[in-house]
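For reference, the chains in residue letters:
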Amino acid sequence: MLEQSPQMSQTTFDLVRFGLGPGEEPDDRQRAFYADVARIVAGRTLRYAESAAAFHTVATDKALVETGSVYQPLFQALMELPDRADLGILDLSVSTQTVNSELFLRPEALLHLASAVSAACDTEQWADRTLVILLPTEQAEDIKLRERLQMRLTSGQIHLLSDGGTSSWSDDDVDDYRSALNRLRTAPIDLLERKLITRLGWFSPHGRQGERKVLRHYFDASRAQDELGHLLDDALGSDSAERPDLVVYHESVSNWLANPLKGSCISAGSLPVRSFSEAIVKAPEDPHPRSVLLVVAVVNTGVSLAERVATITAALRPTRLRILAVLCVGGAQPRFGRRRIEGDDGTEYDVEYFLSVEQRTELEAECRLAVVGETRRYEERTNALTTAEFWDLVRLCGVKPEDDVPTPRRGAYPVVPDVPRILEKYGNWLADKLWMFVRRSTSTVGQDILLVCPEREQGSRKLSNSLSLRSGAQVVRIPREAIEKVVDGTAPERVFDDAAPWCQELDSVATKEVVLIDEFVGAGDTIDAMERIALAKGLNVKAVCTLLDFAPEAAGQRHSLYGWRPPAPRKDVPTQRADSDAEAVRRP
Amino acid sequence: MTGRQASISATVYQPTKGDQLALHVAKLFVGLATSSLSRSLQDALDRRSAAKRLAAEDGYLVPIPGDGAIEPLRRSWAKAAEYWRSEPRALLDLTECSFSDVAGPVYLISKIVERHRLGLVTRVRLPEQPEMIDFLREINFLDAVTVASETSLSQLLTTESLYRLTRVDSYLKRAPGNSRRPTLPFNIFPLKVLQLGSNTRHAPAVRYAADWLSKHVVAALDRDLAGPGAQVARLVILETLIRASIGHDKQTAVVAAHYGLHRGDRAYLQIAFWWDGAGERSTRVATTDLLELVFDEPENVLAALPHTPMAVRDAWQLPSSPTVLASAVVDIFGGQLDTYGADAHLALARDQRDGTDVPAPTPTLTYDRSNGGAVLGDLVVVTLPLND
Chain A
1 MLEQSPQMSQ
11 TTFDLVRFGL
21 GPGEEPDDRQ
31 RAFYADVARI
41 VAGRTLRYAE
51 SAAAFHTVAT
61 DKALVETGSV
71 YQPLFQALME
81 LPDRADLGIL
91 DLSVSTQTVN
101 SELFLRPEAL
111 LHLASAVSAA
121 CDTEQWADRT
131 LVILLPTEQA
141 EDIKLRERLQ
151 MRLTSGQIHL
161 LSDGGTSSWS
171 DDDVDDYRSA
181 LNRLRTAPID
191 LLERKLITRL
201 GWFSPHGRQG
211 ERKVLRHYFD
221 ASRAQDELGH
231 LLDDALGSDS
241 AERPDLVVYH
251 ESVSNWLANP
261 LKGSCISAGS
271 LPVRSFSEAI
281 VKAPEDPHPR
291 SVLLVVAVVN
301 TGVSLAERVA
311 TITAALRPTR
321 LRILAVLCVG
331 GAQPRFGRRR
341 IEGDDGTEYD
351 VEYFLSVEQR
361 TELEAECRLA
371 VVGETRRYEE
381 RTNALTTAEF
391 WDLVRLCGVK
401 PEDDVPTPRR
411 GAYPVVPDVP
421 RILEKYGNWL
431 ADKLWMFVRR
441 STSTVGQDIL
451 LVCPEREQGS
461 RKLSNSLSLR
471 SGAQVVRIPR
481 EAIEKVVDGT
491 APERVFDDAA
501 PWCQELDSVA
511 TKEVVLIDEF
521 VGAGDTIDAM
531 ERIALAKGLN
541 VKAVCTLLDF
551 APEAAGQRHS
561 LYGWRPPAPR
571 KDVPTQRADS
581 DAEAVRRP
Chain B
589 MTGRQASISA
599 TVYQPTKGDQ
609 LALHVAKLFV
619 GLATSSLSRS
629 LQDALDRRSA
639 AKRLAAEDGY
649 LVPIPGDGAI
659 EPLRRSWAKA
669 AEYWRSEPRA
679 LLDLTECSFS
689 DVAGPVYLIS
699 KIVERHRLGL
709 VTRVRLPEQP
719 EMIDFLREIN
729 FLDAVTVASE
739 TSLSQLLTTE
749 SLYRLTRVDS
759 YLKRAPGNSR
769 RPTLPFNIFP
779 LKVLQLGSNT
789 RHAPAVRYAA
799 DWLSKHVVAA
809 LDRDLAGPGA
819 QVARLVILET
829 LIRASIGHDK
839 QTAVVAAHYG
849 LHRGDRAYLQ
859 IAFWWDGAGE
869 RSTRVATTDL
879 LELVFDEPEN
889 VLAALPHTPM
899 AVRDAWQLPS
909 SPTVLASAVV
919 DIFGGQLDTY
929 GADAHLALAR
939 DQRDGTDVPA
949 PTPTLTYDRS
959 NGGAVLGDLV
969 VVTLPLND
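As they're listed, the protein sequences go chains A and B. Using the working numbering, read the first sequence as starting at 1 and increasing by one per residue. Using the working numbering, read the second sequence as starting at 589 and increasing by one per residue.
A couple of the hints might just be wrong.
[Unchecked claim] To give a feel for the contact side, a few chain A residues facing chain B, derived at Cβ under 8 Å:
| id | residue |
| --- | --- |
| 1 | E138 |
| 2 | I266 |
| 3 | V445 |
Keep in mind the hints are simulated off the structure, nothing from the lab. All C-beta atoms in this analysis are idealised placements derived from N, C-alpha and C, irrespective of residue type, glycine included.
Okay, chain B solo, but in the shape it has when bound (with noise of 0.2 Å):
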């Protein structure tokens, strides 16, 4: 066991010419708005049915791709990050989107929370396909995203979304479940918001906490995980809550779970976690805030990222111990850690080159730094296989 838990090592990362800018703030957005990008961009418009009803008072069009899963979303924004945060009014069309994951509407939500808190006007068209209002629906997203930002479904949403929301209830009539294979129920990890930071105290999180330590959820994840499962409360929901909430006084914040999310032919336990990073700590370089999620000792790390200097990476030596969300997540459950912050995107992983019959293969730590597809605040992503 302890062997495990002080396994996490560097990773050869791949600087690229312009690392330098990585950690600073003022240049999160590096933008690609060049104007051959806003000619692409209105020639993907006129393709789309969706463009041609378009009201003009919709502004600014953002057009989602079929796949909402949080990556797809995440290198869509990318090419319209500057519009994003300067445009008054803007529309976010998901007509044609399918979500796959719980992460995907999360980010979707922080992306609409960033707009409103500049002061922008962003409108809503949901999915055409009955099944992903359904999904919306059934992971309460449209709760949620107006809790976040504070408005309401009817200033949110275009007219048209609206009138067929109201018109859906017939395809919430499905057919009763395939599986004989008692599964947890889904609709006991829809999107929540919750109030984070001193100002509030720790209650709200103990709660959400404390509901992944009822009896039948714990039965349900000590059979699928690779841990036991009442220390999913603990050290991945609380400890993640907890360190978010610590030095500010006020925030919001959305989690959420999807049991059951397949990828390749494994499926998953994907927790997602965002907050808005708003109140003190704001001013403070994101990167840092990230890395403390991951590493007790942040600064270390950040010696050993691509923008610095080769003579202090070479002397770097891994932080002694990655925080207890961390080694959690990747040595208790063989999972996936994924951070997203304003300018990076850490991923903390058992390295699959080791093959997966080495029994504890040494972890990677990739660095990304995002174009764009910056996160307002924080978002953590959590992703623990389940047993076949």
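If we strip away everything but chain A, and leave its shape as in the complex, we get (with noise of 0.2 Å):
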């Protein structure tokens, strides 16, 4: 630390509103991290002035070639930082999510960033400020980017702190922005819960044919392959007690284990790892392993599992073996438990787990519509849902009245589909398959995606985060209200609130394309009035997704996973007419 600290009558602190793809309001998480930053660097507690000014920002895709169209907006926001604030934060760290990738700052982007901080921090404006750049790990250190603002990071007017928890300014810094970092952060577990695509179909257990009972779930982590390697590191740890001198993996329905678990294996120092089959074939002439570690994918009745498990014991001969499973049906505890299971000779095994999930198993029987899948290396195959898939989850999860008609402009209908119940259970695999559509329609990296959906009191938010947790791409609510207000004929001009953020965000959008989400249609008037709103913000709307539609007749652009037209409600009817009009049954 310098001896006489320009931060000592610092007062207040606020963020640069400056950032690739549309601008967000930060939520209480970020808020909490940015406060740490602040009280890291200036040696207090700081005041967030929470200015509201625009946002600046540029397109990640322009950034990425156009790397000198970063300069202008960001020197704007650092010129625009309220006169109050006399700490300023540009945050383009991965960590807090606001840049999605590390790839999209390109080592010339930097230097043009870095020329923009210098001319701003020339100002007057800016002579007695600090200003603190988070940045992903590299880019922190990069070598021409410290020689632009070497003068600056030694006066200790910039100072840069790094996603790897490096801090440009202070040794001292560096333990508590990592321990702020790691307050941040969301546990691998948490993602990988969140990330876990839970299929719904009839598939055969380990594709095996003729098996006369069905699962009715296949378990795809492959989303997730990340978080999975971080929880993998933690168990395959670096005590010596632990560490095994062979780790075997068997991932018979799932292919999405081996390479986060290869990765695992080579970052504990490269222990040797083997599928089931090479490890059967190998072990006469591999050195005999003492310790060994069998992982395994999914764990349902265990039964399988017994089988192999007395498989690797009578070829491996090891001392100790340890089995763990990524995910495990039935198991008591939700997270990071333990199961018994049983062998055919009565031989018991524990079996660890870090996620526990739910299974069931039907008759083959009643699968009526024999479309027995594979559970063998499953793809997702069409951006919508077939009739039987549909109908299949409406089966499952029920029905409800509709509650949350936008305005009393048409009768609710007394029966719909439980859609927050079904996003509860399978939302990540219907927000996977709209985001296969999303995709298709824009060619735009996620960074730069806007989706705008309604605020639902009553209705999960389930399919927007599934989507943004999916895609990297920001989600904004508007209003009920608002929305309201424009169904009822209010001009969108007259709904909007430049202090709101919802209004910000959306003024925030420099490639101005947003995509309109709604989980279900039933008119169409809140899908026909955020688009009305979108427009009135000199918006284009690149594609409008929707979960359930009942009038896809008039849906034009609209892309739902299922469409169909049930008969108009009647206020005074309480339930559905028995002569419902089957013809209109469509299959998108």
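Mind assembling these two chains? They're in different frames, but the hints should get you there.
Structure, rendered in structure tokens:
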């Protein structure tokens, strides 16, 4: 630390309202993190000024090619930091998800960023201020960037903090910053749970044909391979007592385990790793492993696992065998639990697992549609739901009265599929399907996409959250009142409030392109109102996506996972008429 | 670090007579299409059993030598250049070919697409060895070549090859891996066709590069490369793809990587990029494009090339900065960067003469005018040594 630190008189801090892709109001976790950062740099607690200045953004896609395009918006954002803020935080960190990927800051763009920062810091406005720049690890270590900022880094006017937990200012800060990052980061187990896709269908167990029972869920953790890798890193352990001589994996029904596991074995100092069949075949040649770790993707009944354990024990004769499952059906603990399984000969084994999951088993005879899928290498084939898939979801998740109709313009449907419940259980799967469609219709990097959806009081936020997690796209929720006013005929311009976060976020879209999302379309009023709001903001609607569409004939460009026109609801009739319009059932 | 960054310097070029032609696109295909060559090619055909199976409708036959690595392939094309761009029908005979890298198959795709663009018909006869068909499948060659050349396998392959392809499933049942050391699964870097350019935006390039940022890939790269593994995605993959996109409205690119390519007693990570150079920039001098990949100020480098008057060359100072790509490949990873274009091959590597003990040996820039081994668009091959 310098002896005369300029920070002593500082009282408030604020965020530099600059970003790649649409601007986003920080959530509570991010706010707490920024307050931590300000405290670490200033040496005491600063007040968050929370200005509502406009965002200055540049489209990521543009910044990748025209690297100089970052200069102007950043300079402007720096100059518009409110007068009362003594410390500014420029967040370009991957940890906060303000930047989705360290790929987005090309080395050339960093130099333009440095130029804008230097230019702003030369102004009188910044004479007594400190700027903290949060950068991804490698970027913070960029030599050319440091050369450009050298004087200011030395004087303490600028601090660079990196996702790797390094600081350009003082080693004293490093530990504090690392713990702030740890508080901010979502635990890998949470992310595994939130990114795990549970597909509903009829799957024959382990691809064995002719079994009389079928599984209803197929678990796909391929979107969470990095998180799985972190969990496996911990499980492999640096503790020498825990460290196995050989790691064996089995992934009969999944193809998402081998890569993360191999990566973790490398990180753990090149632990030998074999697939199950390799381990058996090579057992005579391989050095005898004393301690073996068997990792499997999913444990269902435990019968096949017990068989495999017996095979491994016979072939390798380890003195110690530890069994680890990523997912386990019927575990008592939701996370990091143990389950005991029993082999044919009565031997019992303890299986450790990361996440407990729910499986359903049905008799194959129940599956009248004969759509038994292969559990092996299951891949999404369509970006819609088949009729069978949709009604299966309804059968399992039930129906409810429609209870969040925008305006009493039309009567509520007495019975609609329980979409919030469907999303609760299968939201990641459905979001994955919708994302396939969005990606096809925009070809924009996720960082640039703004998903616009209505703020639903009762309905879950699951769909937009899942989509956002899947794609890195940002979500803006338009308040109900604003939508209802527009549905009632108010001009969209009259519902705008320049200080409201949702308006600012819509204004910040540099690409001028948005995607509208709603989970359920009754008559299309809500989605039409959102479209008018977007148009009034000068935005192009690139795609309109919905899960269930009750007005498919009016859909136009709308993409729904399933569309079906039920008979019109009547206020005086409490239940649906029996002679429902079967012809209107539509397979998208 | 700073010293290493600026350490690229000029080496001695050996200009030959006639180098003045080097940059003229019109003279790219200085074929050796003399009658004596035709004769010798025909002789070569007669010696091959493959030639006997050549059906008349398959047209001009291009036999590919045993070694399907990029350099031997280019040499063999130097002889066939003129026919390749004019014969209405040609048969690319890979019967005796065995591939040892991915740059070779990527080069083959560029040659097949080249004929497709000219409206000429090309057929391919697959290698005799089942392992090679296996290899081509494993690296996704068959899918990539049909996508890039907008054709189908039944149009592209000879009837016999197509028939064999349906029967080679059994070849895929190979013995379980022999190494206990965890290596990168090869199949995560198969040939991939990407659409680049301003029309398609850059999501495909970013997505491809992001695969290289996966935790498990970075773990392996960190262990095996001389520099930080995460920088491969950012400074090598994305930089190349973005620089390839700049100024083009739309083009097709093929990317592939080979982890554990063996050359001599060392293993390498080889990454090959090819793009067709279609779109707006096709009229520009291809060498400038190549140099742009390597140097920030390509005009300066042009001034230094052998066909430039001596006075200019003497006055020439090496460009201030190599591009991020070039300095990453050479300075950070100690590898080699090869760029092939319509009329030139530029190789940038550390000078091995300095010996490996020298901490920052001087990189060398070599330039050779390719005779007919010309590439449609640009081919960039990055070769990074793996730690022992």
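**OP:** Hints the structure violates: just list their numbers, smallest first.
**Re:** Structure breaks no hint.
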